[in-house]
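Colleague: Protein chains in written order, with my numbering: chain P, 1 to 82; chain C, 1 to 82; chain Y, 1 to 762; chain A, 1 to 223.
Because the hints were derived from the structure by calculation, they are not lab data. Source: prediction; values computed, not measured. Hints may contain errors.
To be verified - Partial list, derived from the structure: chain A residues whose beta carbon lies under 8 Å from chain P:
#1 W32
#2 G53
#3 Y55
#4 I61
#5 F64
#6 L155
Glycine included, each C-beta is placed from N, C-alpha and C at the ideal position.
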Amino acid sequence: MARVLVDVMLKPEILDPQGKAVESALGRLGLAGVTSVRQGKSFALEIDGEVDDARLAQIHELAGSLLSNPVIEDYVIREVTA
Amino acid sequence: MARVLVDVMLKPEILDPQGKAVESALGRLGLAGVTSVRQGKSFALEIDGEVDDARLAQIHELAGSLLSNPVIEDYVIREVTA
Amino acid sequence: MSPLTPARKPDTVADAIAEPDTEQPYAELGLKPDEYVRIREILGRRPTSAELAMYSVMWSEHCSYKSSKVHLRQFGDKKPETDVLLVGIGENAGVVDIGAGWAVTFKVESHNHPSYVEPYQGAATGIGGIVRDILSMGARPVAVMDPLRFGAADHPDTRRVLPGVVAGIGGYGNCLGLPNIGGEVVFDASYQGNPLVNALCIGTMRHEDIHLASAKGVGNLVILYGAKTGGDGIGGVSVLASETFDEGGPTKRPAVQVGDPFMEKLLIECTLEVLHAGLVEGIQDLGGAGISCATSELASNGEGGMHVRLDAVPLRDATLTPEEILMSESQERMCAVVTPEKVEAFLAICRKWDVTADVIGEVTDSGRLVIEWHGEVIVDVPPRTVAHDGPVYDRPLARPEWQDALQAATADTLPRPTTAVELRDTVLTLVGSPNLASKTWITSQYDRYVLGNTVLAQPEDAGMVRVDEESGLGVAVSTDCNGRFAKLDPYNGAKLALAESYRNVAATGAAPLAVTNCLNFGSPEDPAVMWQFSQAVTGLADGCLELGIPVTGGNVSFYNQTGDVAILPTPVVGVLGVIDDVALRTPMAFTTEGDVVLVLGETRDELSGSEWAHVVHGHLGGLPPTVDLGAERALAELLVEASRASLVTAAHDVSDAGIAQALVEMAMRADVGARVDLPVGADPFVFLLSESTARAVVTVAPARLAELELRAAAHGVPVTRIGAVTAAGDDLQVQGAWGESLAWTLAELHATADATLPALFG
Amino acid sequence: MRIGVVTFPGSLDDRDAARAIRIAGGEAVELWHGDADLHGVDAVVLPGGFSYGDYLRCGAIARFAPVMGPLVDAATGGLPVLGICNGFQVLCESHLLPGALVRNDHLHFVCRDQRLRIESTGTAWTSSYAEGQEIVVPLKNGEGGYVADDATIDLLEAEGRVVARYLGVNPNGSRRDIAGITNARGNVVGLMPHPEHAVEALTGPTTDGLGFFTSILKGLVEA
Ligand SMILES: Nc1ncnc2c1ncn2[C@@H]1O[C@H](COP(=O)(O)OP(=O)(O)O)[C@@H](O)[C@H]1O
Ligand SMILES: [Mg+2]
Numbered sequence: 001m002a003r004v005l006v007d008v009m010l011k012p013e014i015l016d017p018q019g020k021a022v023e024s025a026l027g028r029l030g031l032a033g034v035t036s037v038r039q040g041k042s043f044a045l046e047i048d049g050e051v052d053d054a055r056l057a058q059i060h061e062l063a064g065s066l067l068s069n070p071v072i073e074d075y076v077i078r079e080v081t082a
Numbered sequence: 001m002a003r004v005l006v007d008v009m010l011k012p013e014i015l016d017p018q019g020k021a022v023e024s025a026l027g028r029l030g031l032a033g034v035t036s037v038r039q040g041k042s043f044a045l046e047i048d049g050e051v052d053d054a055r056l057a058q059i060h061e062l063a064g065s066l067l068s069n070p071v072i073e074d075y076v077i078r079e080v081t082a
Numbered sequence: 001m002s003p004l005t006p007a008r009k010p011d012t013v014a015d016a017i018a019e020p021d022t023e024q025p026y027a028e029l030g031l032k033p034d035e036y037v038r039i040r041e042i043l044g045r046r047p048t049s050a051e052l053a054m055y056s057v058m059w060s061e062h063c064s065y066k067s068s069k070v071h072l073r074q075f076g077d078k079k080p081e082t083d084v085l086l087v088g089i090g091e092n093a094g095v096v097d098i099g100a101g102w103a104v105t106f107k108v109e110s111h112n113h114p115s116y117v118e119p120y121q122g123a124a125t126g127i128g129g130i131v132r133d134i135l136s137m138g139a140r141p142v143a144v145m146d147p148l149r150f151g152a153a154d155h156p157d158t159r160r161v162l163p164g165v166v167a168g169i170g171g172y173g174n175c176l177g178l179p180n181i182g183g184e185v186v187f188d189a190s191y192q193g194n195p196l197v198n199a200l201c202i203g204t205m206r207h208e209d210i211h212l213a214s215a216k217g218v219g220n221l222v223i224l225y226g227a228k229t230g231g232d233g234i235g236g237v238s239v240l241a242s243e244t245f246d247e248g249g250p251t252k253r254p255a256v257q258v259g260d261p262f263m264e265k266l267l268i269e270c271t272l273e274v275l276h277a278g279l280v281e282g283i284q285d286l287g288g289a290g291i292s293c294a295t296s297e298l299a300s301n302g303e304g305g306m307h308v309r310l311d312a313v314p315l316r317d318a319t320l321t322p323e324e325i326l327m328s329e330s331q332e333r334m335c336a337v338v339t340p341e342k343v344e345a346f347l348a349i350c351r352k353w354d355v356t357a358d359v360i361g362e363v364t365d366s367g368r369l370v371i372e373w374h375g376e377v378i379v380d381v382p383p384r385t386v387a388h389d390g391p392v393y394d395r396p397l398a399r400p401e402w403q404d405a406l407q408a409a410t411a412d413t414l415p416r417p418t419t420a421v422e423l424r425d426t427v428l429t430l431v432g433s434p435n436l437a438s439k440t441w442i443t444s445q446y447d448r449y450v451l452g453n454t455v456l457a458q459p460e461d462a463g464m465v466r467v468d469e470e471s472g473l474g475v476a477v478s479t480d481c482n483g484r485f486a487k488l489d490p491y492n493g494a495k496l497a498l499a500e501s502y503r504n505v506a507a508t509g510a511a512p513l514a515v516t517n518c519l520n521f522g523s524p525e526d527p528a529v530m531w532q533f534s535q536a537v538t539g540l541a542d543g544c545l546e547l548g549i550p551v552t553g554g555n556v557s558f559y560n561q562t563g564d565v566a567i568l569p570t571p572v573v574g575v576l577g578v579i580d581d582v583a584l585r586t587p588m589a590f591t592t593e594g595d596v597v598l599v600l601g602e603t604r605d606e607l608s609g610s611e612w613a614h615v616v617h618g619h620l621g622g623l624p625p626t627v628d629l630g631a632e633r634a635l636a637e638l639l640v641e642a643s644r645a646s647l648v649t650a651a652h653d654v655s656d657a658g659i660a661q662a663l664v665e666m667a668m669r670a671d672v673g674a675r676v677d678l679p680v681g682a683d684p685f686v687f688l689l690s691e692s693t694a695r696a697v698v699t700v701a702p703a704r705l706a707e708l709e710l711r712a713a714a715h716g717v718p719v720t721r722i723g724a725v726t727a728a729g730d731d732l733q734v735q736g737a738w739g740e741s742l743a744w745t746l747a748e749l750h751a752t753a754d755a756t757l758p759a760l761f762g
Numbered sequence: 001m002r003i004g005v006v007t008f009p010g011s012l013d014d015r016d017a018a019r020a021i022r023i024a025g026g027e028a029v030e031l032w033h034g035d036a037d038l039h040g041v042d043a044v045v046l047p048g049g050f051s052y053g054d055y056l057r058c059g060a061i062a063r064f065a066p067v068m069g070p071l072v073d074a075a076t077g078g079l080p081v082l083g084i085c086n087g088f089q090v091l092c093e094s095h096l097l098p099g100a101l102v103r104n105d106h107l108h109f110v111c112r113d114q115r116l117r118i119e120s121t122g123t124a125w126t127s128s129y130a131e132g133q134e135i136v137v138p139l140k141n142g143e144g145g146y147v148a149d150d151a152t153i154d155l156l157e158a159e160g161r162v163v164a165r166y167l168g169v170n171p172n173g174s175r176r177d178i179a180g181i182t183n184a185r186g187n188v189v190g191l192m193p194h195p196e197h198a199v200e201a202l203t204g205p206t207t208d209g210l211g212f213f214t215s216i217l218k219g220l221v222e223a
């Protein structure tokens with residue numbers, strides 16, 4: 001029983017309207033000094049059995065195709081816990 | 001110049017259609033043994049100056065009201081780096 | 001990143017003079033050697049890297065129309081006598097007078113290649129771009145439409161592209177608050193590596209609110225407002241739309257442009273407020289070629305000069321080079337020319353809407369567009385040479401050698417159904433085929449109600465919106481093109497697209513008034529494609545002259561091909577019609593039991609290029625149906641007259657899959673059946689499935705039948721009584737097919753028509 | 001009778017709500033999100049749209065707009081408030097109504113003519129309907145799935161605070177087909193479908209939506 005956390009973030013050069021909206025809202029609500037907010041997605045996968053290298057390679061493959069859109073997003077596999 | 005990471009997840013009892021969709025897609029694409037997928041949001045805040053306790057309290061306040069809706073979501077402040 | 005030197009120190013005009021022999025990456029920027037030489041001639045020196053950036057995007061096919069200009073001239077040369085045109089070709093969009101002091105502007109543009117690279121954002125920013133074009137005329141955008149073409153419905157990549165494109169159009173348009181009132185969805189293998197995403201927007205305004213893109217008044221200030229400029233889409237549209245994709249997909253992948261529909265909504269409200277407050281001398285949207293396009297077009301359309309401080313442009317990414325800032329296609333930006341004393345009021349309104357706005361320059365009469373970067377001059381050019389005097393190519397054209405063989409291989413020899421049972425199954429097969437099946441899976445993702453003026457929307461023949469809530473004055477728009485017809489005969493194919501669009505508008509009761517178009521073709525460097533293009537433009541120009549409706553604007557999209565295989569030539573034609581009172585519109589549904597069902601127009605044995613040949617036999621050959629614009633005009637006049645007199649209870653144009661499909665759609669619309677008796681002597685198959693033009697099916701109350709027949713006779717429109725509307729829930733019956741009768745239950749028609757798209761994409 | 005319609009940045013159906021109020025015989029008053037003043041209106045409509053782009057969560061940012069301060073106080077004090085679609089989401093985010101609205105279960109935006117049953121005529125906005133009356137009005141949303149914990153929903157049902165329910169298809173996965181709810185007092189109503197788009201035969205599928213606006217006007221006259 002393993003747990004895999006994948007974070008997906010817009011590439012730095014890509015406009016992030018959501019982050020922008022949150023940024024100005026935080027400002028209006030009195031949080032001073034916020035210079036940038038980027039909003040991303042996270043996926044928590046529960047997987048039966050253990051995640052060996054083959055499995056991990058497969059997950060990387062899918063994180064780079066299904067979970068993220070390589071044209072505008074980057075992903076990182078933040079955590080793999082047995 | 002500090003960096004704060006906030007993760008927002010749907011409460012476990014709330015249905016997550018996006019997670020469900022990803023779960024079945026992963027299955028179709030041949031990733032075996034996935035028992036559950038939950039999709040969440042993450043916010044990366046860049047803040048001028050340092051995040052002292054007062055600042056952090058303020059961020060907690062906003063994470064629990066603006067960044068997440070306590071009726072359906074939980075949040076964690078995953079990381080604060082100077 | 002762009003191949004431009006991201007040097008800290010910019011390449012100034014002084015440098016260009018001092019170091020004349022510096023190697024320049026003009027080829028990487030898509031400029032041909034002779035084009036580079038011409039730039040050097042114009043300037044009398046080598047261009048700076050910033051100047052090179054501007055010329056390269058503005059002289060790209062997409063922005064300069066270098067391959068199409070010589071042909072597009074015909075739209076002007078053959079313009080019919082008309083007094084409805086308030087603003088013609090050459091501005092961001094044409095403007096048409098619809099009476100009572102109201103004006104309408106409409107235009108269709110392509111976003112084909114970006115939508116293949118990133119379907120959601122490509123399609124979304126396509127909507128955003130055309131909406132800004134309409135806004136920049138001073139109009140309030142009131143509706144959008146989306147003519148779409150994809151590869152084979154069951155191809156895996158169509159499953160990637162279509163849902164993304166639809167979600168993008170909906171995601172942007174819905175958030176903007178513009179009703180989607182129609183469009184097209186066509187599947188054909190030729191679009192596999194090159195889907196077509198065209199977007200049309202309609203805007204309305206009072207005559208006095210019309211604005212133009214010109215920088216008038218020396219000393220007036222140039223204000224850039226809207227989104228900050230980022231590194232996204234550098235050379236995006238212009239470069240991407242100006243090259244062919246290879247088998248492997250796009251060769252260049254410029255950073256994709258991401259749309260921010262919320263910002264665009266603020267931009268709309270903010271822009272209309274500054275315009276109505278009388279604060280604006282000239283206005284221009286930023287689309288392809290970004291600041292390069294806006295500054296050079298504004299300058300050359302005005303006093304002829306402009307001085308810009310590029311470092312005053314608010315940036316999202318501080319590391320951008322001046323070249324990148326000039327080329328960036330960041331979305332949701334506009335440029336306005338404002339007299340100095342009104343600047344504060346202008347900025348105040350921008351603050352109210354939370355829209356960033358900065359003065360970036362001023363209008364001069366120097367005849368030069370001068371751009372500074374932190375005090376150093378990096379651009380000093382005659383603006384016309386950038387905006388309007390780009391290269392013009394009269395490219396070689398040649399009728400493809402396969403054209404004769406294609407036209408010789410008619411559909412006449414294809415086996416046809418010969419029994420009632422076969423005919424029944426054939427019709428059902430067509431009803432469920434992707435091109436004819438219900439598009440609800442797509443259109444239910446679009447808001448058609450917002451703004452509260454939508455009178456007709458998909459699946460009606462044309463979208464119709466109310467313009468004046470007091471008088472009920474409204475407009476209807478339809479877009480059409482049968483690419484298979486255009487392949488068989490590009491000249492008549494373009495006329496057929498015009499005829500169908502014209503007929504669809506008239507069917508709703510609106511009088512056709514003006515035309516826009518989006519000409520989607522393969523590579524202009526292929527003489528066969530160039531021949532198709534010139535034929536289509538000539539056909540469309542001739543057709544518009546015959547019908548007496550002017551072309552008001554449009555867009556050309558070339559390089560729509562994979563490797564050296566071009567798409568079907570696809571001249572999408574949009575026709576706009578006006579109706580004095582939308583309450584008199586004619587919907588398409590059967591409604592009233594006992595109403596007489598009539599066919600207007602003449603049915604001939606015309607099945608080459610038909611939906612039947614395509615779906616049942618996978619066949620494309622022969623000549624398309626004959627075009628008779630005189631008959632189209634007579635039919636349209638009759639349909640408009642009938643709506644004015646509330647004479648018909650329903651009308652539906654006959655096109656793909658003929659009368660059979662028309663009857664099926666009229667029955668399914670409100671779930672009311674009909675009983676049809678095939679005319680004696682008519683071949684059942686030909687009568688039901690021929691695609692002869694200039695036809696419509698209408699229903700009329702028995703009491704008014706004679707009146708309709710009289711008016712039809714007056715217009716010389718043949719009328720055939722074929723049956724009567726039956727009760728809600730009844731079958732659609734056809735009697736007299738080789739002595740037998742056939743019927744389809746509404747349930748089975750729905751089951752067949754409604755299942756196809758969800759099964760493929762749901 | 002003066003009924004305010006709030007415009008947030010990104011509000012889209014505000015003009016349509018105002019039109020519906022006028023057709024019902026009331027006077028529509030424009031209220032601006034940045035103006036913390038209700039200008040003495042007798043009732044308020046929070047219209048549909050994508051306030052602040054509906055980025056983050058629908059209604060999450062609008063909830064903090066200056067106008068919401070006085071509005072929340074007034075609503076708590078009994079001022080009739082109708083939140084339509086995005087307005088419903090704002091009311092939930094402001095905790096004037098329980099529960100929340102989440103992404104449609106099928107993950108698509110959906111625009112359709114929706115059959116509804118009016119479950120409660122005891123509110124300020126539904127009094128001119130008949131108990132159990134079936135109506136058809138447009139529905140258009142991407143995040144219209146109503147969710148709340150069982151206890152909350154049971155309470156809503158028990159107290160007759162479910163105002164409208166979807167009939168036929170459940171278009172977004174709302175729990176127990178809930179299309180609209182009200183607060184304990186019955187003055188605040190949240191509704192996912194759009195009655196303001198069913199007030200003219202020419203532009204709507206029906207005129208069934210008019211009842212929401214005639215209800216409030218009738219109520220105000222009698223009050
Ligand atoms: N196929 C066409 N038919 C008529 N006018 C066209 C066509 N293609 C382009 N035009 C006109 O040429 C001008 C420039 O086109 P375009 O670059 O698409 O405008 P914009 O830069 O505003 O998008 C516009 O007035 C447009 O209407
Ligand atoms: Mg333009």
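Colleague: All hints are to be evaluated individually against the structure, with a verdict given for each.
Modeller: Cross-check of the supplied hints:
Taking 8 Å as the C-beta contact cut-off toward chain P, the hint placing W32 of chain A at the interface is violated, the least distance being around 15 Å. Given the 8 Å rule on beta carbons, the hint for G53 of chain A holds: about 6 Å separates it from the nearest Cβ of chain P. Satisfaction of the interface hint for Y55 of chain A is found here, the shortest Cβ-Cβ separation to chain P being roughly 4 Å, below the 8 Å cut-off. Interface hint status for I61 of chain A: upheld, as the beta-carbon distance to the closest one in chain P is roughly 5 Å, under 8 Å.
With a cut of 8 Å, the hint placing F64 of chain A at the interface with chain P holds, because the nearest CB-to-CB distance is about 6 Å. Below 8 Å, beta-carbon pairs count as interface contacts, and L155 of chain A has none with chain P, the closest being about 31 Å; its hint is therefore violated.
Comparing the model with each earlier hint shows violations of hints 1, 6; every other hint is respected.
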